[in-house]
Amino acid sequence: MSDGLTPPSPRSPAELFAAFNALALQGFGGVLPVAQRELVDRRGWLTRQQFVEALSVGQVLPGPNIVNMALMIGDRFFGWRGAVAALAGLLLAPLAIVLALAMLYARFGSEPMVAGAIRGMGAVAAGLIFAMGIRLAPTLKNNPLPLALCAAAVLATWGIVGFARVPMAWVVLGIGGAMVGVAWWRLGHKR
Amino acid sequence: MAFAGADWWALFGHFLAMSMLAIGGAVAVAPEIHRYVVDQRGWVDDTQFSASIALAQAAPGPNLLFVPVLGHAIAGLPGALVALAGILIPSTTLALAASRWGEKRRETRGVRAFVAGMAPVTIGLLLSAGTVLAVPQARVPAAWLLVAATIVLSVKTRVGPVWLIAAGAVVGAAGWV
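Protein sequences, first through last, are from chains Z and C.
In case it helps, the numbering used here puts the first sequence at residues 1 to 191.
In case it helps, the numbering used here puts the second sequence at residues 192 to 368.
It is worth saying that the hints were derived from the structure and are not from the lab.
Accuracy of the hints is not assured; some may be wrong.
Coverage of chain C stretches by chain Z, computed from C-beta distances (three or more under 8 angstroms per stretch; other residues unrestricted) [said to hold, decoys possible]:
| # | stretch |
| --- | --- |
| 1 | 194-207 |
| 2 | 212-221 |
| 3 | 256-268 |
| 4 | 306-314 |
Which residues of chain Z face chain C? A partial, calculated answer using Cβ under 8 angstroms [unchecked claim]:
| # | residue |
| --- | --- |
| 5 | Ala22 |
| 6 | Phe28 |
| 7 | Leu55 |
| 8 | Val67 |
| 9 | Leu99 |
| 10 | Ile118 |
| 11 | Ala126 |
| 12 | Leu128 |
| 13 | Gly133 |
| 14 | Asn143 |
| 15 | Pro146 |
| 16 | Leu187 |
| 17 | His189 |
Just so you have them, the derived chain Z footprint on chain C, three or more residues with Cβ under 8 angstroms [claimed, not checked]:
| # | stretch |
| --- | --- |
| 18 | 279-289 |
| 19 | 323-333 |
| 20 | 336-349 |
| 21 | 353-365 |
If you're wondering where the values come from, they're calculated on a predicted model, not measured in any experiment.
Glycine included, each C-beta is placed from N, C-alpha and C at the ideal position.
Can you build the whole structure from these sequences, using the hints too?
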């Protein structure tokens, strides 16, 4: 990282707060793409490689990727104070906005036009979440597990959680545990 | 709806547990949250649940903000804060503790097996979340059309989600879904 030139980095936790605040407020329907543009391309605090690494570590952990990433990036620069600043920047302003919307909805949600608009937005939200799953599906081609097994796990999870409404912990432990076990076994054989 | 002391702990405890299960993001646990707060507890109905996710998607910021919106629908402003604290505390604590540990071991067999094995489950959970949101609208064929059109536009084009949400609001306000 230090090759003679000092790479740009935030000067204070306040600057981290401001940066995450700005990217959160630009992120409609997901913050990650904006995060890459802001942190890597515009401010240069992270290289593309570091960004992808932070993302992959964030994915291993439970919790939303972007929250985990904000914590790790903040922590890297200013320890726990940086982590708190980044997280607060990411969440505070959007939280205020979305709660204001929720209060408006609680007040006017029974108006037929508002109720209709929310129903329409709900249908679109469902479509957006399906699309997120569909867009991720091609990444399974690079999975060390056979594609057919991955497809079976996707369909089984979908059927059991989405339609049979079985408590999710059992599915994550059962199907997830089995898949992790098979992946562990296959990765051992490849080496 | 009377929300007693035990209910607060149940609400907080539920989101604490969801935080640890949310591998692949908060939306991946939406089906489980729905099962608990709508089917089991009856704290909110399908309409309020789906409105919470729709509002969070329509506003800027991370999608996880549907959690405090749902908390608000359940028990007002304190409910919002309790739900948000619940979904954040375990995962952020773990993320801070584990980030250095994980960064060093990213290439080890155990971590790679975990990522590889969980990937199909995460995709299945996202499809489940879409299903849980779409099914209550099943009475109206036009709603299915709207869901399908969103999927096609979102996968095939680069149109931003905020425009799709806005279009959904217009179609809904016109009374078509």
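Evaluated hints:
1. Check on the stretch 194-207 of chain C: 0 of its residues sit with their Cβ under 8 angstroms from a Cβ of chain Z, so the three-residue criterion for coverage is violated.
2. Only residues whose beta carbon comes within less than 8 angstroms of a beta carbon in chain Z count, and the stretch 212-221 of chain C has 9; three or more means the coverage holds.
3. Check result for the stretch 256-268 of chain C against chain Z: holds, 6 residues qualifying (beta carbon to beta carbon below 8 angstroms, three or more required).
4. Counting residues of the stretch 306-314 of chain C whose C-beta lies closer than 8 angstroms to any C-beta of chain Z gives 9; at least three are required, and the coverage claim holds.
5. Interface restraint check: Z:Ala22 against chain C, minimum CB-CB distance 11 angstroms, threshold 8 angstroms, status violated.
6. The interface hint given for Z:Phe28 is met, as the beta carbon of that residue sits about 4 angstroms from the closest beta carbon of chain C, less than 8 angstroms.
7. Look at Z:Leu55: its Cβ only gets to about 11 angstroms from chain C, farther than 8 angstroms, so that hint breaks.
8. Interface hint status for Z:Val67: upheld, as the beta-carbon distance to the closest one in chain C is roughly 7 angstroms, under 8 angstroms.
9. The closest approach between the C-beta of Z:Leu99 and any C-beta of chain C is roughly 6 angstroms, which is under the 8 angstroms cut-off, so the hint is satisfied.
10. Look at Z:Ile118: its Cβ gets to within about 5 angstroms of chain C, closer than 8 angstroms, so that hint holds up.
11. Annotation: Z:Ala126 was flagged as interfacial toward chain C, and the flag holds, the nearest CB pair being 4 angstroms apart, inside 8 angstroms.
12. For Z:Leu128, the interface hint holds, the least distance from its beta-carbon to any beta-carbon of chain C being 5 angstroms, beneath 8 angstroms.
13. At about 3 angstroms, the closest approach between the beta carbon of Z:Gly133 and any beta carbon in chain C falls short of 8 angstroms, and the interface hint on this residue holds.
14. Checking Z:Asn143 against chain C by beta carbon gives a least distance of about 5 angstroms; that is within 8 angstroms, so the hint holds.
15. Checking Z:Pro146 against chain C by beta carbon gives a least distance of about 11 angstroms; that is not within 8 angstroms, so the hint is violated.
16. Interface restraint check for Z:Leu187: the shortest CB-CB distance to chain C comes to about 5 angstroms, inside 8 angstroms, so the restraint holds.
17. Restraint check, Z:His189 versus chain C: the minimum CB separation of about 11 angstroms is more than 8 angstroms; hint violated.
18. Coverage of the stretch 279-289 of chain C by chain Z holds [criterion: at least 3 residues with CB-CB distance below 8 angstroms; count 8].
19. For the stretch 323-333 of chain C, the stated coverage by chain Z holds: 4 residues have a C-beta nearer than 8 angstroms to a C-beta of that chain, and at least 3 were required.
20. Closer than 8 angstroms: that is the beta-carbon criterion, and the stretch 336-349 of chain C has 8 residues meeting it against chain Z, so the requirement of 3 holds.
21. Check result for the stretch 353-365 of chain C against chain Z: holds, 11 residues qualifying (beta carbon to beta carbon below 8 angstroms, three or more required).
In the structure shown, a violation is registered for the earlier hints numbered 1, 5, 7, 15, 17, in ascending order.
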